[in-house]
Structure formats: C-alpha cells, structure tokens
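J.: Read top to bottom, the protein sequences are chains H and X.
Counting in this note's numbering, the first sequence runs from 168 upward without gaps.
Counting in this note's numbering, the second sequence runs from 260 upward without gaps.
Please keep in mind that the hints were generated in silico from the structure rather than gathered at the bench.
Every residue gets a Cβ at the ideal spot worked out from N, C-alpha and C, and that includes glycine.
One or more of the hints may lead you astray.
[What the hints assert, rightly or not] SDA-like, lysine to any residue: derived pairs with alpha carbons at most 20 Å apart:
#, chain 1, residue 1, chain 2, residue 2
1, H, Lys287, X, Lys487
2, X, Lys526, H, Lys243
3, H, Lys243, X, Asp476
4, X, Lys487, H, Ser259
5, X, Lys527, H, Glu271
[As the list claims (entries may be wrong)] Using C-beta positions, here's what the derived DEER-type ranges look like:
#, chain 1, residue 1, chain 2, residue 2, range
6, H, Asn342, X, Leu268, 41 to 51 Å
7, H, Asp423, X, Val574, 39 to 49 Å
8, X, Val293, H, Leu275, 39 to 49 Å
9, H, Glu292, X, Leu266, 31 to 41 Å
[Claimed, not checked] Covered, in the sense of this in silico footprint (three residues per stretch, anywhere, with C-beta under 8 Å from a C-beta of chain X), are these stretches of chain H:
#, region
10, 235-244
11, 253-263
12, 365-371
Spelled out from the first residue to the last, the chains are:
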Amino acid sequence: MSFFECRNLKYSYGKKEVLGGVTFSAEAGELVGIIGANGSGKTTLMKSICSLIKGDGRVMLCGENLADKSDREIAKAISYIPQRSGIDVSISVLDATLMGFNAEMSLLSRYTDSQRERAKAALAEVGIGHLSSRDYQSLSEGEKQLCIIARSFVSHKKMLLMDEPESSLDFRNRNYVIGLIKNKLKENGNVAIVCLHEPSVALRYCDRLVLINKGKCIAQLKPFEDKIEYMEEKLKQIYGNITLAKVNGGVVMLPDD
Amino acid sequence: MKKYRNLVLLSAIILLLFSVVCVSLAVGKFPITVEGLILGNEMMGRVFLTLRLPRTMVAVIGGFALGIAGSVFQTVFHNPLAAPDMIGVSSGASAGAAFAILFASGTVFSVGLASFIGGLAAVIVTLLLSGAVKNGGKASIVLAGIAVHSLCQTVLMFLKTAADPERELASIEYWIMGALNGVSLKNSYVNMIICVVSVLPIFLLSRQIIMLSNSEDEAKMLGVPVNKMRFVVLIFATLAVTSTVSVTGIISFVGLLAPHAAALMTKKVDSFTLLLSGLCGSILLTVADVFSRSLASSELPVSIFTSLIGAPFLVWLLWRERRRA
Chain H
168 MSFFECRNLK YSYGKKEVLG GVTFSAEAGE LVGIIGANGS GKTTLMKSIC
218 SLIKGDGRVM LCGENLADKS DREIAKAISY IPQRSGIDVS ISVLDATLMG
268 FNAEMSLLSR YTDSQRERAK AALAEVGIGH LSSRDYQSLS EGEKQLCIIA
318 RSFVSHKKML LMDEPESSLD FRNRNYVIGL IKNKLKENGN VAIVCLHEPS
368 VALRYCDRLV LINKGKCIAQ LKPFEDKIEY MEEKLKQIYG NITLAKVNGG
418 VVMLPDD
Chain X
260 MKKYRNLVLL SAIILLLFSV VCVSLAVGKF PITVEGLILG NEMMGRVFLT
310 LRLPRTMVAV IGGFALGIAG SVFQTVFHNP LAAPDMIGVS SGASAGAAFA
360 ILFASGTVFS VGLASFIGGL AAVIVTLLLS GAVKNGGKAS IVLAGIAVHS
410 LCQTVLMFLK TAADPERELA SIEYWIMGAL NGVSLKNSYV NMIICVVSVL
460 PIFLLSRQII MLSNSEDEAK MLGVPVNKMR FVVLIFATLA VTSTVSVTGI
510 ISFVGLLAPH AAALMTKKVD SFTLLLSGLC GSILLTVADV FSRSLASSEL
560 PVSIFTSLIG APFLVWLLWR ERRRA
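Use the sequences and the hints to build the structure in full.
T.: Given below as structure tokens:
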C-alpha cells in the first residue's frame, strides 16, 4: 500500500467537469509535482485532496481514508499552502508563522516558548529569520511566501500540499526552497504534493510528476528514471512545441523556435 | 523592550481613561465636586450615585464593548470599514426600539428590551440565512446582512409612518441618534453584566479570531472550525453591542474608530490591540457623552459628537486605503 493514494478524483462546478477522474500515488519521502497549463484543474485537484471541496473519489493517507476524518484531523495531518495567503491584518511575521501550530493546540491555549523557538528556527531555515518581528503586511510577496512556507514547516505533518509555492520567489530562493522541501521530506519521511508553475524546476527536483490536462491525468513521469524522449513527448501534450535538454545533470524545458 | 513599551502604552491609556471618567463624573447640569461629596452634600451624593455614576459606567463599559466588537467585525469580515450594522445589529435594534415606543408605552425598560431582542433577532436571521447558502462564506453573511438590514429599515419606515409626529416620531428619531441621558443603575445593570460576560469569551478566543484573518481555506487547513468560530464570535460581539445600544440608542462610529486608533498605536493586531480597542472605545464614548451634556442648554445626541470625530477619520481611512492600494 502506498503512503498516499488518490483514486478517481472527480469534481464539477455546476455542469462543468473540472476533474475527470485523477488517480496517482506517492511513497514516503517523495516530492510529487503537479504540472499543467492554466485552468487545467491543478488547484481544484489540491483542494479535492485535502477535502476543502468534496467531489467523488477516494483519498488515502497512511492507509486511512480522509473522507472518514474530521476537518481538525485532516488539518493535523496535512499542511496546505495556497497560491497566496489571505492574511490581511497587521501581525508580526513570527505570529503568522506560529499559526502553523494551531491544529495541534486547544482552542484557548497560548503559544509556548518552545513553539516560538521552533517558529524562529523555521523562519531562519527559509532565510528570513531577521524579519521575525516585522509586520507581515510590509513584506514583499516573495518574503510573504517564504513566511507561509516556514509556517508549514513548524509542525511535522504527514503531507504538505503546496499550490505554486515558488511562484513569487526569485531564481535563487525558488531553487533553495524546493531543495529544502525535498531534504525535509527525506528527513521526516512525509510526502509533499506541489503544484509547480515552472516545469524545469519540477523536472529538476520532483521524484514523480503528474501531468494534468483538462482535468485528467495524461501521464505520470519519474524524471530521475524515465527517458528524456518519453518525457518530452508527454510534456508536448500540455505545452506544445518544447524541447527537453540535459544541463549539468538535470533536465530543463525550452520552447522551440 | 516590547513588553515595556506595551506597559507604558497601556498605563497611558488607562490614565487618560481615568481622567476622562473623573471629568464625566463631575461635569453636567449639576456640577459635582470631591469636596461636596466628602462633606456629605446630600443632593450631590444622590446625583452622583443615581445619575452620574451609572451614566459614566455605561459610557465606559458600552464604549469598551463597541470597540471590541468593531475589532472583531473588521477581522472576521476582512474589512477595515466593517461595523456591527453590516449584519443588521443596529437596524434590528432600531426597529425593535421603534416598535416598543409605538406599542409598549415607550418606557425605558420596554425600549431597551425590544431593541435588544430586535438586534439579536436580526443577527440570528442573518447568520441562519447565510448558513442556508451552500459553500457560503463571509460574502454570504454580508449579503444576508444587507438583506436583513433592508428589511429592518422597511419595518422602521413603516413604524415611523404610523407614529404620532409630535411625540412618538421624535422619540424614535432621538433614540436612533443615541443618548445616555436616560441611563440609570436600574435600567442598565443587567445590560452591563451581559456586556462584560460577552466580551470575556472574545478575549479568550482572540487567537482564533486572528486566525480568521486568513483566507477561509487556509484557516480551515490550519485547524480553525471556520463557520462555527465565526458564528460564535459574531454572536458574542453582537450581544455586547446590542446590550449597549439597547440602553443608549444607536452610537455611530465608535466601533469603527476605536480598533483603528488602537492599531495605529500598536501597528499590529493581537490580544493587546484588542484590549486597547476597548479602552479607546471607552474614552471616545465618555468624551462624546461629556460634550453632549455640557455644550448646550439641553442635552444633544451623543452620536453627533462621535460622528464629528468619526466622519473625518473615515475619510482619512479611505484615503489611506486608496494610497496603500
């Protein structure tokens, strides 16, 4: 049995089918990338996996069906990062990061010193430890994204679900953060499913890639095992005329002239 | 350093409130002096205990409640201009008060009770309506609030049309403008107890209220029971507002102004800022009440003064939001 498995996930907005039966699985320690064109159903798939929207199909995590779990139990098991955080009040970066502990705390309890230390360590890990006392609203979009990524690191959950966590990050931070997520997965033995904006980043870091087109999974790739020609053929179904090239031991996607 | 700064700020605000309370206890048609009270001036003692003390107490506790409720509404609705009327509190209370003025002899007790029931009923209908919408989030609460607000305004207009223009209509208008001159210990102590009891859980849940400033999906995935929590905190905030306005009539702008004044001082939203919002509300309402009873030969509605400060502040707030955008 796989660490994570979603089987035949379907979802429709009214009569419009957005997910048409997506099935894939992942093993402990794996980084799974979801890639697809705009409007292909990636975000709907992410929300379906963590039960934010309820469609047909089954999601299993560590052998347990998430449909049988309460919202709080799901929140304890899964860390979710949306494309953009909705925090719209002035709070310190440290307080925004501490929110990651909420699912494991009782309603009325306060943050402990140990939690504060762990949150500070998570901020330092993503490279913004020096901003911990700053107002979250005063951060750049990239710094906000790093803060929310740190928030997902503070408590050790079975699965990280991240919707384009790298979209606001610069080249250096993008590679650093995805690399950091990958190392954490190996360390903690959990799994991450990440919608990625940039296919080259996905090809470089992901153990498994799920290609989504018009709400359907058209292929699953293993970038470290599959042949480059096979991956190129599958990616062309989404992105049109592209070429995959090997650079410094990794694979990058380039548009054809 | 941060704790020290908070302590200094809190001490300054409490000192200011204390000064304002002293002025409020002394100023009015019948001036009260410390000397008179110590020497046992019977008239002065009676005015102090039966009029001035309850009135000041209502201004302090009511202002505190309005400030706290304003902060809750602004955070829960992700809207810096949110106020209790967004979900029908004030319009429901106004319709209730108008009903009591017309059909229940208009005594202070009946008006207070009817406005309390009206405000609470309006909010419960708003929350039930929004709950009936599948996947309805805060937008559905706001829409349901607008519908309930419009309905209450229609009822109010109908009641005003039926009112005697000389007596009842004037009473309705005066109540809507808000005043603390009808306050006595007898007609306000129950409301003030409800007010305090409603504000306490808001403080206990302050961490969860701040969690609601995330997007709905985020808050849910952070383990917040979003719909239940929103319902609970809105009910407590509404209880605090309704128990105040049922004694004082509608008080404009305090709920909008106080949280922003507090946030300007602390530059962030947390439980300390929530406390400051309450204290700023107390100061604002007490000052407005002092002006309302000392600037003219007859008492003026307190909302005139809260609006005089609030309206320019609102314009400034809109200007600042636009600049930020």
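J.: Now look at each hint and say whether the structure bears it out.
T.: Status of each hint after checking the structure:
1. Distance check on the hinted pair: H/Lys287 and X/Lys487 sit about 31 Å apart at the alpha-carbon level, beyond 20 Å; violated.
2. Distance restraint check for X/Lys526 and H/Lys243: the Cα-Cα separation of roughly 31 Å exceeds the 20 Å cut-off, and the hinted pair is therefore not satisfied.
3. Taking the CA atoms of H/Lys243 and X/Asp476, the gap is about 14 Å. The hint holds against a cut of 20 Å.
4. Of the supplied pair hints, the one linking X/Lys487 and H/Ser259 is violated, its CA atoms being roughly 26 Å apart against a limit of 20 Å.
5. Distance check on the hinted pair: X/Lys527 and H/Glu271 sit about 25 Å apart at the alpha-carbon level, beyond 20 Å; violated.
6. Judged by the Cβ atoms, the range 41 to 51 Å given for H/Asn342 and X/Leu268 holds: they are separated by roughly 44 Å.
7. The hinted window of 39 to 49 Å between H/Asp423 and X/Val574 is violated, with their beta carbons roughly 56 Å apart.
8. Between X/Val293 and H/Leu275 the C-beta distance comes to about 42 Å, which sits within the given range of 39 to 49 Å.
9. Taking 31 to 41 Å as the suggested C-beta distance range, the pair H/Glu292 and X/Leu266 conforms, at roughly 33 Å.
10. Under the rule that three or more residues need a Cβ within less than 8 Å of chain X, the assignment of the region 235-244 of chain H holds, with 5 such residues.
11. With 8 residues carrying a beta carbon less than 8 Å from a beta carbon of chain X, the region 253-263 of chain H meets the three-residue requirement, and the given coverage holds.
12. With 0 residues having a Cβ less than 8 Å from any Cβ of chain X, the region 365-371 of chain H misses the three-residue criterion, and the hint is violated.
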